[in-house]
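Asks: Here is how the chains run, residue by residue.
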Amino acid sequence: MDPTSALDFLTPYEPSPTVWAVCALALALFATGYWRLLHRGTPHRPLGALAFLLGLGLMYGALQTHYDYYAQHLFLLHRLQHLVLHHLAPFLIAWAAPQAVFAAAIPRGLLPQLPGRRALGRLYRGVQQPAIAGVLFVGLIWLWLSPGLHIYAMLSIPLYNAMNWGMALDGLLFWWMILNMGDPRSAPASHYGARLLVLALIMIPQSLIGSSIALSQQDLYDVYALCGRVLPVDAAVDQQIGGLLTWIPAAMMSVVGALILVRRWLRQPTGMAAGPVLDAQGARL
Amino acid sequence: MRTRRPCPWGGLGLVIAGVLLGASIGCTQSAPPWSSTDIKGFMPDLAFTLTDGQGRALKAADFRGRTCLLYFGFTHCHGICPTTLRTLAAAVAELGPEADGVRVLFVSVDPQRDTPAVLARYEARFGPQVVGLTGAMPELKALARRYRVAFGYGAPDADGDYAVNHSNAIFAFDGSGRARLLMREESGVPALAADIRRLVAEEQD
Numbered sequence: 001m002d003p004t005s006a007l008d009f010l011t012p013y014e015p016s017p018t019v020w021a022v023c024a025l026a027l028a029l030f031a032t033g034y035w036r037l038l039h040r041g042t043p044h045r046p047l048g049a050l051a052f053l054l055g056l057g058l059m060y061g062a063l064q065t066h067y068d069y070y071a072q073h074l075f076l077l078h079r080l081q082h083l084v085l086h087h088l089a090p091f092l093i094a095w096a097a098p099q100a101v102f103a104a105a106i107p108r109g110l111l112p113q114l115p116g117r118r119a120l121g122r123l124y125r126g127v128q129q130p131a132i133a134g135v136l137f138v139g140l141i142w143l144w145l146s147p148g149l150h151i152y153a154m155l156s157i158p159l160y161n162a163m164n165w166g167m168a169l170d171g172l173l174f175w176w177m178i179l180n181m182g183d184p185r186s187a188p189a190s191h192y193g194a195r196l197l198v199l200a201l202i203m204i205p206q207s208l209i210g211s212s213i214a215l216s217q218q219d220l221y222d223v224y225a226l227c228g229r230v231l232p233v234d235a236a237v238d239q240q241i242g243g244l245l246t247w248i249p250a251a252m253m254s255v256v257g258a259l260i261l262v263r264r265w266l267r268q269p270t271g272m273a274a275g276p277v278l279d280a281q282g283a284r285l
Numbered sequence: 001m002r003t004r005r006p007c008p009w010g011g012l013g014l015v016i017a018g019v020l021l022g023a024s025i026g027c028t029q030s031a032p033p034w035s036s037t038d039i040k041g042f043m044p045d046l047a048f049t050l051t052d053g054q055g056r057a058l059k060a061a062d063f064r065g066r067t068c069l070l071y072f073g074f075t076h077c078h079g080i081c082p083t084t085l086r087t088l089a090a091a092v093a094e095l096g097p098e099a100d101g102v103r104v105l106f107v108s109v110d111p112q113r114d115t116p117a118v119l120a121r122y123e124a125r126f127g128p129q130v131v132g133l134t135g136a137m138p139e140l141k142a143l144a145r146r147y148r149v150a151f152g153y154g155a156p157d158a159d160g161d162y163a164v165n166h167s168n169a170i171f172a173f174d175g176s177g178r179a180r181l182l183m184r185e186e187s188g189v190p191a192l193a194a195d196i197r198r199l200v201a202e203e204q205d
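Respectively, the protein sequence lines represent chains A and B. Per my numbering, residue 1 is the first one in the first sequence, and the count goes up by one each step. Per my numbering, residue 1 is the first one in the second sequence, and the count goes up by one each step.
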């Protein structure tokens, strides 16, 4: 049922206390850290703060407003939701380079005490290998768009949540691998060339998946017809636009990422091939 | 014709998903396949409180022991609703004496026009197994959200007539109220009747 007012639209369709808790924690930590850095005289760049808040807000909005109702019931809006969760919002958050802000907010000495830190660290370094991060990034898109699985993801609430959480988490890890310029001792800061190569390579399977959906002559995802489309959009047009959204804007994000990397590479002092060590504010464009 | 469509690149996806989620679905199943989509374990049990054509409040528990086919629509529908109900009634009729083990739950998402009296007249057109149900908007919204279906209303014309957008899915539940199958009207009477017969037979084992 359509929301009855703008206020109604902003309320969650399927309320998730987990999403609220994670977003509230991220916001509280960021605000605390930002305030502390400001008072230490080493403020975070305002544009970075804006990008972080915009990215976080987009993620929250995609999951916890009635937009989710529309995304459940129109393929092209579902693709737009994933474009936000997997490409745009995590890109903004990674570009904001909020690690120094978070570090200022989290009490020193807390992190080394966390249980399972070593295992998590190994896992993190593993998924931050450019090749693995790239395979995971396109693999997830392909997996959830397999028609045999997609229907169950749209019918089962636990699977649907797993899909959206997976997209958001993987998006953050991937764009963090691409854009992070932090301390090379704690994170495997890959060479610019490796990152650029991954950005170029992921365009190919994304374009193949998107175009094969957009150009398909059959209704690949009849779950939308079965459960009712929310807007008067023809099934074939819905699939074509959904495929195009998976194809072109997704590939364009690679181009944007590459432009940022090339610009940083050119600005880098010569003789530093393995990725620069920047100041506490993190990366600069 | 749409019942068991080969999935272009879904095969390997299913294998991975099956391993990842510990679920065996679709093509990887060992039991003989259903004509409809198997949703066992993927959707919640049947649960609702709605009003029938006699104005009585009915709950899902009132239908325990019977195979239930849940369908959303509205009585002013000129197209898919009467077609689907006729197909389902014909499929259920193929079961002969076993037909009493089945109920077709037709939930109207147009409570403004579909009063109990209107529903009672409408359900009579499709035989004894069809039960017309409706409810207040919060109950209908909750039920639609539970089964992940959409509904909405078009703008009224000069006579106050308006279209109602609704789903086409038929959700089949076994006698214990567990969600079992997602059925499509296009599957046709013989295929639907075979699936319904199998669900009814499970109750008698």
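Fair warning: there could be bad hints in the mix.
Quick list of the computed label-pair ranges, beta carbon to beta carbon [to be verified]:
#: 1; chain 1: A; residue 1: G57; chain 2: B; residue 2: T49; range: 36 to 42 Å
#: 2; chain 1: B; residue 1: A142; chain 2: A; residue 2: Q217; range: 48 to 54 Å
#: 3; chain 1: B; residue 1: T49; chain 2: A; residue 2: L7; range: 26 to 32 Å
#: 4; chain 1: A; residue 1: N161; chain 2: B; residue 2: S176; range: 22 to 28 Å
#: 5; chain 1: A; residue 1: I248; chain 2: B; residue 2: E94; range: 16 to 22 Å
Think of the hints as simulated: they come from the structure by calculation, not from any bench. Every value quoted in this text rests on a predicted model; they were computed, and no experiment measured them. Beta carbons are placed, not taken as given, at the ideal position from N, Cα and C, and that holds for glycine.
Asks: Next step is simple, just say for each hint if it's right about the structure.
Replies: To see whether the hints hold, each was checked on the structure:
Between G57(A) and T49(B) the beta carbons are some 38 Å apart, a value that agrees with the proposed interval 36 to 42 Å. For the pair A142(B) and Q217(A), the supplied restraint of 48 to 54 Å is violated, since their beta-carbon distance comes to about 38 Å. Judged by the Cβ atoms, the range 26 to 32 Å given for T49(B) and L7(A) holds: they are separated by roughly 28 Å. Under the hint 22 to 28 Å, the C-beta atoms of N161(A) and S176(B), about 25 Å apart, fit the expected range.
At about 49 Å, the beta-carbon gap between I248(A) and E94(B) misses the expected band of 16 to 22 Å.
Violated hints, listed in ascending order, are 2 and 5; each of the other numbered hints is respected by the structure.
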